[in-house]
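In order, the protein sequence lines correspond to chains A and B.
265 is the number that numbering that gives the first Met the number 0 gives to position 266 of the first sequence; each next residue is one higher, with no gaps.
208 is the number that numbering that gives the first Met the number 0 gives to position 209 of the second sequence; each next residue is one higher, with no gaps.
Hint data in this document are derived by calculation from the structure and do not stem from the laboratory.
Accuracy of the hints is not assured; some may be wrong.
As the list claims (entries may be wrong) - Far from chain A, by Cβ distances over 10 Å, these chain B residues were calculated:
(1) 93
(2) 144
(3) 248
(4) 259
(5) 346
(6) 431
(7) 502
Stated by the list, open to error - Rough simulated footprint, nothing fancy, chain B against chain A, three-plus residues with beta-carbon under 8 Å:
(8) 94 to 103
(9) 127 to 135
(10) 142 to 150
Claimed, not checked - Below, in silico cross-link-like pairs of lysine-lysine (DSBU-like), each with a Cα-Cα straight-line distance of 35 Å or less:
(11) B:478 to B:499
(12) B:337 to A:356
(13) B:337 to B:398
(14) B:125 to A:140
(15) B:84 to A:428
Remember, it's a predicted structure, so these values are computed and weren't measured experimentally.
The beta-carbon is built from N, C-alpha and C at its ideal position, and this holds for glycine as well.
2 protein chains.
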Amino acid sequence: MPFKDSKIMPVNSEGRMGESNEKINSKMFEKKNNQTEEAGTGQYSDLVVRAGLAEYSDVRGCMIIKPYGYSIWEKMQAVLDKMFKDTGHTNAYFPLFIPKSYFSREASHVEGFAKECAVVTHYRLKNTADGSGVEVDPDAKLEEELVIRPTSETIIWNSYKKWIQSYRDLPLLINQWANVVRWEMRTRLFLRTTEFLWQEGHTAHATKQEAVEEAETMLDVYARFAEDFMAMSVLKGKKTPYERFAGAEETYCIEALMLDGKGLQAGTSHFLGQNFARAFDVKFSTKEGTQDFVWATSWGVSTRLIGGLVLVHSDEKGLCLPPKLAPIQVIIVPVYKKDEEKLPVDSVCREMLLKLKEEGIDAAYDHSDTRSPGWKFSEYELKGVPLRIVVGPKDVANKTFEIVRRDTREKSFVPVQNLLSAVKDLLQKVQENLFRKSVEFREKNTTVEENYSHFREVIEERGGFILAHWDGTAETEKKIKEETKATIRLIPFGDQEPGKCIVSGNPSTGRVVFARAY
Amino acid sequence: MPFKDSKIMPVNSEGRMGESNEKINSKMFEKKNNQTEEAGTGQYSDLVVRAGLAEYSDVRGCMIIKPYGYSIWEKMQAVLDKMFKDTGHTNAYFPLFIPKSYFSREASHVEGFAKECAVVTHYRLKNTADGSGVEVDPDAKLEEELVIRPTSETIIWNSYKKWIQSYRDLPLLINQWANVVRWEMRTRLFLRTTEFLWQEGHTAHATKQEAVEEAETMLDVYARFAEDFMAMSVLKGKKTPYERFAGAEETYCIEALMLDGKGLQAGTSHFLGQNFARAFDVKFSTKEGTQDFVWATSWGVSTRLIGGLVLVHSDEKGLCLPPKLAPIQVIIVPVYKKDEEKLPVDSVCREMLLKLKEEGIDAAYDHSDTRSPGWKFSEYELKGVPLRIVVGPKDVANKTFEIVRRDTREKSFVPVQNLLSAVKDLLQKVQENLFRKSVEFREKNTTVEENYSHFREVIEERGGFILAHWDGTAETEKKIKEETKATIRLIPFGDQEPGKCIVSGNPSTGRVVFARAY
């Protein structure tokens, strides 16, 4: 029952907040006075930069993913890629460039995607007349401008037209790992950047039912990844028509609650109906010999998930990475004062490193002479390394070592002979504890509101997820968004209790989840 | 001694050609009359398309890498990535966009790279007045144009400036897996496309010697990959100044000989001196307390390698993939006539599939009812699957199966109980045989020429690698290129025998390798 905990179970229906570490810390990731995220000075960006995950480049809104941040992405990719392949998908690669005219094919898609994007108009630079630099060669203007892909439905469906003739060619289950570009006005490292890395699945099916099931299956894959690997509790549901992907008939999503009380959309899976098949004229001969348009899905997660890890597990010391995705799972730090103590301590540390690595544990040994143990402790806490092993001369004598959990900061002393079992056991405990805390946090900070003025108070003062009745109209949805900055994050799956809209008083078929969101 | 065979050892110094399958087939990959590669109709492109590796997109010179082709790239990536990590490198990700002005910083780099490239000038589209489509919004013009990276030295060294202060920050050993764009006038699937996928390593060092050693180490990694995994014999050496990477002080390369007698540059590793450090003002404090510019290397291989696999191992039946990189290593095909034979045959095939997969062998079972066994045999030969297992009713009765090698087309009958050992043994034999053939082919088709008119005859009539004396001037190099279309592929490492240039008669310090090349 991997998703049991992600069902909506507000344990506290009066809206009271939990205590201690389950409380929303609305200042946790706030921006500093008069400083913009773009400059990398907000608390969140500051943490991302200090932990060595990423930094802004000189190119507006584009980030540099540094080795430590990229290692997390590699671990995420490895897990997700396996999950995709285990569900029958293969990878392919489609061009970065999309002819401008493709965007005009699917009416709502063009509204959503063809606007804020990078446009290539020329294919050559030349030396300036004064020889000081280069300039765009006006003679090298493209006949049709090319858009850098903001998402690849159009270029992929243009290919699917050639690949699909018969029901025998279906289903077509393809995924792509790629970079995409959306010209965002306000950017934040990982959460919203002009260029980002992602995967986009694009599937084609013979029946509506099969396509809907595919979209649901991939949402389940995302939810399982979020919970079992990121240790991040998520809600599952569908978007309102207003919040839907441009061109989709239904958008399913997973939504997580960040420590500052804001929601984060962590993955979406779209049932696209026959919209793209119609736009690109992709028909197939059915088993019965008739012709029909193909049914489609698309689904994606991105480097935004790394931002989610930061916003859901950090504390005042820095990151707190779930062991299953931590680039370094165990850091070994030697502690000695006298020169003659160095050699025996170093020798024990190296032996431990080797043993851990042989077991496939991502251990590292920081034997640098230029940094003090105290500096190292802080540094690896900042970087969120799940376990720290400390070895000093006394430990060498006693054949023990100290091991410290990053999540609870609990210390224990362990006999060297129990190294592997202790490390494995603690890694699992940290993973489980982070997830348990994330579930409790979401539950404690999910409230049910029946009254709009109280709703506004809660949104303003403490955030979190709010379950409230809504009349199903875009009008009410927009009014709430304008007045409170809260949006409908999702409509929960399954039967809900009917009621009356907290704004209009009109009938509601069930409560939906509101939050301010990233 | 992994590179023993890649030393230049022309076994046949009179220039006689080898026989049978070691002979150059200059018609093998020729273009059909009046047909362009762009249309995908040349023999090479035709094979790439028919085998399901890739196809052209509607966007000029951009290809779609189809699942089968992408699987080869994934296998290449996995091996190379491990080799990079084993030699101390980590991955990171830098932006797709490079501000135009960056290219002006390094004088020779701008000449080489800032010319034929995709330029982003605008960041928004808007609806046309008549509502029929979208057009570039003239109000959304960028202040400074952005170039889509053709290679990332400039944007990466702009970051290294911030990352490197002291010798303690060195060496910095970073690799990036990315897409790059070069606006090529003539394109060929995999070999030369406008957009391609590659990896680019960018390292920074405290000393010249360390940087040179790094560039050499990475060339060795590439050579080992080409020979041990691609089963493709390569020569190692350095480029002439004229053929060097723009901005490099020395370019090392591996060069392979294709079945049609043309050379293929399969990987390059550049010693960049202090050029980029000077251009981006990257200095560091040395151990001695002085300030110095940082020393640099860069190195890369690309999806072009997939083209190399096609051009070096194919025959009249199609591809012939080396087992270590084949997406499908073993294809199982059932053969039966009567309905009642289907079940027992199917059951044995499924059991075999499971056993092979459990051993980590990439096996597949084609149980499709809509295609005949004969069609399947041809299809998997075309796709270059190294081994084919055929199971019929007689095999079921005899507890045997038929196994056929793709490279030699030899058949054997094997008891089912020997499945794993037979498959493993044959996979290794196919891998070794492909490499051995590649070495022999290169050796047989490498000639030594002392006379320019004979040189021209050989180039024109049969191609291959030609070892000849050259006076070291760009003038002679260009003359030969213009008159014969042959270029200097590399200057071999190590001491060479001095002599006289075949064109000018001036002194030469040693023979260099000429060929017409892709």
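Each hint, compared with the structure:
The Cβ of residue 93 (chain B) does not lie farther than 10 Å from every Cβ of chain A; its closest approach is about 5 Å, which violates its non-interface assignment. Residue placement check: residue 144 (chain B) does not keep its beta carbon more than 10 Å from all beta carbons of chain A (closest about 6 Å). The claim that residue 248 (chain B) lies off the interface holds: its Cβ sits roughly 23 Å from the closest Cβ of chain A, which is beyond the 10 Å cut-off. Every CB of chain A is more than 10 Å from the CB of residue 259 (chain B) (nearest about 27 Å), matching its label as outside the interface.
Against the 10 Å criterion, residue 346 (chain B) stays outside the reach of chain A, whose nearest CB is about 22 Å from its own CB. Distance check on residue 431 (chain B): its Cβ is at least 29 Å (rounded) from any Cβ of chain A, clearing the 10 Å threshold; non-interface status holds. Non-interface status of residue 502 (chain B) relative to chain A is upheld: no Cβ of that chain comes within 10 Å, the nearest being about 32 Å off. As drawn, the segment 94 to 103 of chain A meets chain B at 9 residues by the rule of a beta-carbon pair under 8 Å; at three or more, the given contact holds.
Judged by the Cβ-Cβ criterion of 8 Å, the segment 127 to 135 of chain A is covered by chain B as claimed, because 5 of its residues qualify and three suffice. With 4 residues bearing a CB less than 8 Å from a CB of chain B, the segment 142 to 150 of chain A meets the requirement of three and the coverage assertion stands. A distance of roughly 16 Å separates the Cα atoms of residue 478 (chain B) and residue 499 (chain B); the hinted pair therefore holds under the 35 Å criterion. The suggested pairing of residue 337 (chain B) with residue 356 (chain A) is violated, with an alpha-carbon distance near 55 Å, which exceeds 35 Å.
Pair hint residue 337 (chain B) plus residue 398 (chain B) holds up; C-alpha atoms about 19 Å apart against a cutoff of 35 Å. Using a Cα cut-off of 35 Å, the hinted pair residue 125 (chain B) and residue 140 (chain A) holds, with the two alpha carbons roughly 19 Å apart. Distance hint between residue 84 (chain B) and residue 428 (chain A) is fulfilled; the C-alpha atoms sit about 29 Å from each other, no more than 35 Å.
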